[in-house]
Amino acid sequence: MAITNSDIPHVGAGTGGGDWLRRYWLAVGTTRELYDIPQAVRVLGEDLVLFRDLKGALGLLGRSCAHRGTSLEYGDIEERGIRCPYHGWLYDVSGRCLEQPAETKGSEFCHKVRQASYPVREQGGLIFAYLGPHPENPPPCLNFSPLVDHGGQRLVEDARHFDYNWFNFYENSADPCHVWILHGTSGYGRQSWGNRFFSIDDPPAFEPVETPYGMKIVMTKPGSEDGTQFVDEMSLGLPSILQVGDTPYVHAELDPQLGVNAGSDYEHLMFLTPNDDDHFMLFTVDYYTGPEPDIFERLAEIRKRELPTQEVKPYDKRPLMPFRGNVRQEDIVAQGTQDLVGLRAEQLGPSDRGVIMLRKMVREAIEAAAAGRDPKAMHLDENAEGLVKLDSFVGVRPAGG
Amino acid sequence: MAITNSDIPHVGAGTGGGDWLRRYWLAVGTTRELYDIPQAVRVLGEDLVLFRDLKGALGLLGRSCAHRGTSLEYGDIEERGIRCPYHGWLYDVSGRCLEQPAETKGSEFCHKVRQASYPVREQGGLIFAYLGPHPENPPPCLNFSPLVDHGGQRLVEDARHFDYNWFNFYENSADPCHVWILHGTSGYGRQSWGNRFFSIDDPPAFEPVETPYGMKIVMTKPGSEDGTQFVDEMSLGLPSILQVGDTPYVHAELDPQLGVNAGSDYEHLMFLTPNDDDHFMLFTVDYYTGPEPDIFERLAEIRKRELPTQEVKPYDKRPLMPFRGNVRQEDIVAQGTQDLVGLRAEQLGPSDRGVIMLRKMVREAIEAAAAGRDPKAMHLDENAEGLVKLDSFVGVRPAGG
Amino acid sequence: MAITNSDIPHVGAGTGGGDWLRRYWLAVGTTRELYDIPQAVRVLGEDLVLFRDLKGALGLLGRSCAHRGTSLEYGDIEERGIRCPYHGWLYDVSGRCLEQPAETKGSEFCHKVRQASYPVREQGGLIFAYLGPHPENPPPCLNFSPLVDHGGQRLVEDARHFDYNWFNFYENSADPCHVWILHGTSGYGRQSWGNRFFSIDDPPAFEPVETPYGMKIVMTKPGSEDGTQFVDEMSLGLPSILQVGDTPYVHAELDPQLGVNAGSDYEHLMFLTPNDDDHFMLFTVDYYTGPEPDIFERLAEIRKRELPTQEVKPYDKRPLMPFRGNVRQEDIVAQGTQDLVGLRAEQLGPSDRGVIMLRKMVREAIEAAAAGRDPKAMHLDENAEGLVKLDSFVGVRPAGG
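Protein chains in written order, with numbering that gives the first Met the number 0: chain A, 0 to 400; chain B, 0 to 400; chain C, 0 to 400.
The set of hints was computed from the structure by calculation and includes no laboratory data. Any given hint might turn out to be false.
[To be verified] With a straight-line Cα cutoff of 25 angstroms, these simulated DSS-like cross-link-like pairs (lysine-lysine) come out: (1) A/K375 with A/K359; (2) B/K388 with B/K375; (3) B/K388 with B/K359; (4) A/K312 with C/K54; (5) B/K54 with A/K104; (6) A/K375 with A/K388; (7) B/K54 with C/K312; (8) B/K359 with B/K375; (9) A/K54 with B/K375; (10) B/K54 with C/K316; (11) C/K111 with A/K359; (12) C/K220 with B/K104; (13) C/K388 with C/K375; (14) C/K54 with A/K316.
Excised from the complex, chain A in its bound form (with noise of 0.2 angstroms):
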């Protein structure tokens, strides 16, 4: 099976990403948005439906009910699980059917009945299930640092919605050359931190480092001081998770003195599920454990003042406009009209480097996963407090180191 560009960005059962995609927890919700009613979610290609059941377990289960097919995003929620409204059928949230109102009582017909259903977890905030082949005995689902609570400041977003391939979105995180280009007049720029890393007259160098868990970009400028250099490092876990240095340094116009230490005490973890090959959710996750008190307040007072700075004007009609000034803005400008990769024409050059490289490391999980071999990344070393962390170096360092 030679696995090709064109199977990364698909994600429907049988493709060659979407199987690779199934060997994964993958985060389909947050805990703040899930409320006492159903909750359609696509996930990979496949109607679901999360809901949360009175005694508090979380199921994911097929949306369509296994009896006639009417959809459990209209069911009711109750003790034991969800109820269909046509007719009362009652799944737990493993999927067992409980309940069939209009079948003679003591009938066995419901022990026979299987309603489509995922593993799900739940971890600081954030809802993970497992769509893969082993839904019985699934890899375990990690203990992501920022994610579990030992005393520093967590803040979960809502889900952000996307319509276009997830893979352009990851893709763009092995690529720094865009954070001083794309965003080289944002907000983040103009930052007392930012400023090394955004400006595209004096840009950073940047080097793709293979990792255990898939590779990081590591951005380096000469420190302050002789024999030091600020480095700006953004991870890509396989198969969609990201830790960019989008730090309070960067982000929050904080003394970037503080960093001259080991490094930041910020995190900012993203995780990208598809939905299908043509939209993605995107939940992200800031866990601060310096001294500021009220970090969070602050950055989502900065975060308003980022708005989009271009005029526009009356004659201008382009559907995306304006973006300039806003990252996030920015990011969907120059991701959200590329094609799916594989299908686009391209031309790469060195500065593409990182992207090269995560290509190249996926197409061989995908190939690796299409073998029945463990992809590159599935695992990664809990600490010794049993926590993962994706180590994005942000901060001051040794030049040379």
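Given the coordinates of chain A, assemble chains B and C onto it according to the supplied hints.
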């Protein structure tokens, strides 16, 4: 030709279901909604235009002009037919071309032209059409008793339009269990007669019964006097006609003792017509021969009170909310979220025996039609008055009867 | 290769119609509507971006950046070209890559990159492009007389956009009968000259005439003096150019005696450009060499009065209503509801002889293009002033002339 459930929901020419439906007169409009302008209507996947010429004759023609294909929806209605706006070709209701203003006077060309046309009949406020293989010699358009005035009160509702497959609606009527489950908390169940059949705690017995015209569902509960039973029947007249136990005893809170006689004096007849695989129209006729002078006004008031009673929470963005409490909305949620029969995964049990019987009957009818035999139920016997009735009994009769 | 009508309406690369149209310069925009921002435009199924660099040069490039596929619609316009927002690649109007800010200074990589680009010419307020097989050596872009200033008054309308196949519009001009039928009650027919050609009661004679550039439709009526005739010609210059008898004698209620000379001093030239099979653009140029100083102001006032006169009844929900009374809306109803030529069932008669001639001519042109021969009408002879005219005579001339 092995017919499966997958053949049932398709309605285009050349499909099993479509060729079967083409053997019958189908309702395509209502008298009240046909104004003095052409009415675009899609029937069994064909784009047509329905109109009444100035002499009063009804026509149902192909929508695209036989000349160069402009839509007759924008034609002018005249004494003798409809005139295409582009070059003024005039067609009568039978599709003959009467005038071609741009051709030389006396030209014979128009005699060679035939616009697609279908026989149309008007009956009691409904307009029926026959799209089948024998337009010159169509089968008789049945004299449905509720449509032919003989002294009672009649109410024809405006056409209702649905955006899902017609058979989801049709087979729902062969499934009485949904009544006390899906509709169990609706307004109907709060009413004096209705609560006999809408209670999930004490549901009625039921049995599907094959009939010459198709089948009926007979629901029974013990009567209030020894040796009697309450009966509520729903009849399915193939291919797409329904009469449901939708009576004033159910809806209008009339004294149920009125039913202690030969049965209801109220008929609620329904005609389903597919526009295409994903849309259908529903035409309903209510006919009442009892003593209440203002039965329809009362019914209208009751229907107005039967709004969904469900509270919609501020975070609830589900598109079909609210639905609980209104029988029509409840049906749309249950049927409109089902995939086409034959495409859905299903698990049918004993309580689905009505649906199972109906599908088998329809598969056999499709097979018979495909083989050139007369499918079951094309003909209904007329009674002494020349009328055809679907015999859905609603009332009280001797137990075991 | 047997060309049929089905080959005519398709415009994509590799289709008969598309490869034929690619041999010609096509109008793709107007000078007035091209602002200082990139303009997304779809031509013959290709997504392009039209812009003018800060030195004033026009460029028409592929919309997706050759690097990683981001849309140049969001690019920055600079002195030397357009710059992709993602990584700052700068392209000049000929598609050469001038800068790649993320690559090492002195890198030769950009010399290997070619962005898709097409030759563009500006003429009298219109912008033409050539999407054909010989971009280095395109055929000459014709000096259309109405577009090249030589003393008269010129009016270029903003591009009009239509959502149906371009050939429905084009062949409509080879069909004079629709004028007095479809448009018979329009404002045009109420006017002094127009009522000679817009009357269904007394229609003009007409004949299609083959010409070196394509064909013309010659409409005639007896003149007001013996031995004279009124003449109104519509010319079709292959592949997609029109000049119709859309003159002040028709529109502006000028004294028809003004036409009793060598013909109209008014030209109404139209250029059709397909966006894809279901959309096209129409560019119109009016050029007037007569004595009226404010001809276009008068015309604008008259057009404003030519609104649809049709009453729309409250129950009339037909989407294209009203249309009667406005020639442009009438054309949209007639053409916009037609299917693509070759897909529609049709019955053509003697009055369709203009359309029949046109289709035959286009089929032959497609066949010639496919065979590598020069199709009819690629070249128009220039007159002594180096100008090209479509000779649509409108005026009075000797009968039989």
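Now the hints, each set against the structure:
no.	hint	in the structure
1	A/K375 with A/K359	12 angstroms, holds
2	B/K388 with B/K375	17 angstroms, holds
3	B/K388 with B/K359	24 angstroms, holds
4	A/K312 with C/K54	21 angstroms, holds
5	B/K54 with A/K104	63 angstroms, violated
6	A/K375 with A/K388	17 angstroms, holds
7	B/K54 with C/K312	21 angstroms, holds
8	B/K359 with B/K375	12 angstroms, holds
9	A/K54 with B/K375	52 angstroms, violated
10	B/K54 with C/K316	24 angstroms, holds
11	C/K111 with A/K359	23 angstroms, holds
12	C/K220 with B/K104	18 angstroms, holds
13	C/K388 with C/K375	17 angstroms, holds
14	C/K54 with A/K316	24 angstroms, holds
Hints 5 and 9, counting from the list given before, are not met by this structure.
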